[in-house]
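Q: Next come the chains, spelled out residue by residue.
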Amino acid sequence: MIVELGHFALILAFAVALAQTVIPLVGAHKGWRDWMMVANPMATVQFMLVAFSYAALTYAFLVSDFSVKLVVDNSHTLKPLIYKISGVWGNHEGSLLLWVLILALFGASAAWFGGNLPASLQARVLAVQSAITAAFMAFTIFTSNPFERLEFPPFDGTDLNPLLQDPGLAFHPPFLYLGYVGLSMAFSFAIAALIEGRVDAAWGRWVRPWTLAAWVFLTIGIATGSWWAYYELGWGGFWFWDPVENASLMPWLFAAALLHSAIVVEKRETLKSWTILLAILGFGFSLMGTFIVRSGLLTSVHAFAMDPERGVFILMILAAFMGGALTLFAFRAPVLEAKGVFATVSRESALVINNVLLAVSSFVIFIGTMWPLIAEMLFDRVLSVGPPFFNMAFTPFMVALAMVLPIGAMLPWKRGNLVRTLRPLWGLAAFSVAMGALTWALQTGNSPLVPIGLALGIWVVLGSAMDIWARTGRGAFGYRFARLGRLPRADWGKATAHIGLGISVFAVAALVGWESEDIRVVQIGESFDKGGYTLTLTAVDRVQGPNFVSTMGTLEAWRDGRLVTILQPEKRFYPIAGMPTTEAAIDYSITRDLYITLGDPQDNGGWAIRTYIKPFANWLWFGCFLMALGGIFSLSDRRFRVAAGAERNPRNAVPAE
Amino acid sequence: MRGFALLALALFMGFASPVMAVQPDEILEDPGLESRARDISAGLRCLVCRNESIDESNADLARDMRLLVRERLVEGDSNTEVVAFIVERYGEYVLLRPTTEGANMILWVAAPVLFLIAIVSAGLYLRQRGAAPDPTTKGLSAQDQKRLREILEE
Chain A
446 MIVELGHFAL
456 ILAFAVALAQ
466 TVIPLVGAHK
476 GWRDWMMVAN
486 PMATVQFMLV
496 AFSYAALTYA
506 FLVSDFSVKL
516 VVDNSHTLKP
526 LIYKISGVWG
536 NHEGSLLLWV
546 LILALFGASA
556 AWFGGNLPAS
566 LQARVLAVQS
576 AITAAFMAFT
586 IFTSNPFERL
596 EFPPFDGTDL
606 NPLLQDPGLA
616 FHPPFLYLGY
626 VGLSMAFSFA
636 IAALIEGRVD
646 AAWGRWVRPW
656 TLAAWVFLTI
666 GIATGSWWAY
676 YELGWGGFWF
686 WDPVENASLM
696 PWLFAAALLH
706 SAIVVEKRET
716 LKSWTILLAI
726 LGFGFSLMGT
736 FIVRSGLLTS
746 VHAFAMDPER
756 GVFILMILAA
766 FMGGALTLFA
776 FRAPVLEAKG
786 VFATVSRESA
796 LVINNVLLAV
806 SSFVIFIGTM
816 WPLIAEMLFD
826 RVLSVGPPFF
836 NMAFTPFMVA
846 LAMVLPIGAM
856 LPWKRGNLVR
866 TLRPLWGLAA
876 FSVAMGALTW
886 ALQTGNSPLV
896 PIGLALGIWV
906 VLGSAMDIWA
916 RTGRGAFGYR
926 FARLGRLPRA
936 DWGKATAHIG
946 LGISVFAVAA
956 LVGWESEDIR
966 VVQIGESFDK
976 GGYTLTLTAV
986 DRVQGPNFVS
996 TMGTLEAWRD
1006 GRLVTILQPE
1016 KRFYPIAGMP
1026 TTEAAIDYSI
1036 TRDLYITLGD
1046 PQDNGGWAIR
1056 TYIKPFANWL
1066 WFGCFLMALG
1076 GIFSLSDRRF
1086 RVAAGAERNP
1096 RNAVPAE
Chain B
-17 MRGFALLALA
-7 LFMGFASPVM
3 AVQPDEILED
13 PGLESRARDI
23 SAGLRCLVCR
33 NESIDESNAD
43 LARDMRLLVR
53 ERLVEGDSNT
63 EVVAFIVERY
73 GEYVLLRPTT
83 EGANMILWVA
93 APVLFLIAIV
103 SAGLYLRQRG
113 AAPDPTTKGL
123 SAQDQKRLRE
133 ILEE
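Order-wise, the sequence lines are chains A and B. Going by my numbering, the first sequence opens with residue 446, and the numbers climb by one from there. Going by my numbering, the second sequence opens with residue -17, and the numbers climb by one from there.
Some clues are possibly wrong.
[To be verified] One-sided excerpt, in silico: chain A residues whose CB lies under 7 Å from chain B:
1. 812
2. 827
3. 830
4. 891
5. 893
[As the list claims (entries may be wrong)] Listed below are several chain A residues computed to face chain B (Cβ distance under 7 Å; list not exhaustive):
6. 801
7. 805
8. 824
9. 966
10. 969
11. 972
12. 1053
[Unchecked claim] Here are the computed distance ranges between Cβ atoms for each label pair:
13. A:1048 - B:17: 42 to 52 Å
14. B:102 - A:1018: 34 to 44 Å
15. A:764 - B:67: 21 to 31 Å
16. B:7 - A:527: 18 to 28 Å
17. B:101 - A:764: 25 to 35 Å
18. B:91 - A:1032: 28 to 38 Å
19. A:885 - B:62: 23 to 33 Å
20. B:57 - A:885: 52 to 62 Å
Note that these hints are calculated values from the structure, not bench results. Please read these numbers as outputs of a predicted model, since none were measured by experiment. A virtual CB, placed ideally from N, CA and C, is assigned to each residue, including glycine.
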């Protein structure tokens, strides 16, 4: 019964979404205030209906209602509670419903917190957002119904893919979706502004929090996915340039570019049409990502729908929204007149370079991901584009970005003086290069990767620190130090996110350049040395888990006669899903991870053991965490909150400490 | 994300234990040759997998290919010869790093060319913006211009 109600609520929400697309648009066009205002309650109703629908599906998973096909395919009574909840989005239909839920949530937030937007702009934003939601609801209802019932329910389900039964991955998809869908908000604002024919500083300020939020969510989503791959897949890789991963990195890069160019719109009222274009393309790439992931068109890798019908449906959504948006853009962009004037050497120009680098690096990923398809269709060549291409083609842009970042971040708005801005930075540059050279001299092997990564990392981290220090103005040290705490949160956000980027750059270089590996057969009781540790395999046992059986090795890691840690790598088998998984044992520390996986038993009674030393692995996740934290700082800046409509209630305007 | 790959494998191809690619018994005695073998295998695609190199894959075919690479190396082939041998047998598809031959040139030069175009047009735009009159402060009127010239000439 509840399941049917959920299904019904979704259809009702679809009807509301259609009405919400049309009525406010007409109202805004004719200047009928009541027709515009109706968008607000509609967005709320729409969200509540979808939320109910989603809750109904979650309920079916929680009580293991095996008359629902989706529950049978993706759940099992023995599955731990958390994975019953995450199982809802661990499949195509459920994840699509989550996607719709988030779309509706963002739409409703624009209704709740957009009180100080001009009425016509808000009506149009809500209408465009609702059009996107309606398209995805139609997709869900007509091609991927999550509420489908079975005539003869089985006694138990076939379990969720064991690889997805993991805390890291349980929360990876919702964050990614929040990010993808967050970009739909920027898109809706861009379209609404094009229809209005007006983009001003206020628009820049309204669109920035949404973009910032989307970017933070994408950062967290990508980082959790990457971290999961690191510990779960058994060889400690963290990025594979897989089409599905690329599909998330492209919108991330675009969101980063949009974030920066929206600042220019807000502060200087220029780069308007470019910012609008970025907002359109950013969401376009997130739709593209959805398409790549769900159509199976690229010989990627997908557990969900390898269903051409679904692929075509998304392609139609993509074509309709992008085609419509870009046409509108072509007609209306000339109307958007730039106001602020700036010199060639200025913060504005630096942000243009930032945008060029981010957009082009995103394009590298795009062409690399699509090339196998293009080559096969146009040139009749079956080929692959793998990590070596992406590493070679993508890295130079990131290096360039890191090199210009501290300089650009410190250039003044409007008119700068390169010599003056560079003066305090020369010392830093020399220090970074010296540290890189020192590393080069000290390291074994002569790969330039880590020295360059280290130099860039130090340059970006110290440059960002100097940037925020320079913001404290002139005066005595104590006075400036006291001012640090009073700087706007957006300044702290900028410094934190940039420092996070610097740390990540260094960590990636160190992890790739300095990793070392050892593969061998070890008998029980035997010891071997790796990276300064003496490792002893003391036992291999069979262990029974809740819904799996495990072969668990136990290794002692000794260093200088002291027991450092006991590592227990596992090979698990999930009988219901019929799938094996690896659980690597990792000893995390600041300078290195000790990473061990257990392999197959050998003929002579020994076990294959792989040991890795992963230098500075934690720094990568920490860097990503700082980037997201920087975004959150910036988001909590009071200026945004006032812009987000909190000013009507002064209590909310006080930053929550 | 790679999990989807593994799941696809497990479901559609009926194998996959996501552990251990290179097995201990495959490793060559000579560490120099072995490290060359690893480098080569990291650039070759496992044919039955999705987006995995033979170095990472644990498919039987990937193992055969790894052994083949090592066999050729032991016979004294150079890295290029080994790769050429594999490509001749399995086709261009095995190369994770696409060649620069023919239409592939487009792939390799697309990004640098786009970057140049973007930088040049951004540069032109910036110059033009820098030279544009500031609409917030109106330019001098003809009368003021004349007055200014007079002052300068004095």
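Q: Looking back at the numbered hints, which does the structure fail to meet, lowest number first?
A: 4, 5, 10, 11, 13, 14, 15, 16, 18 and 20
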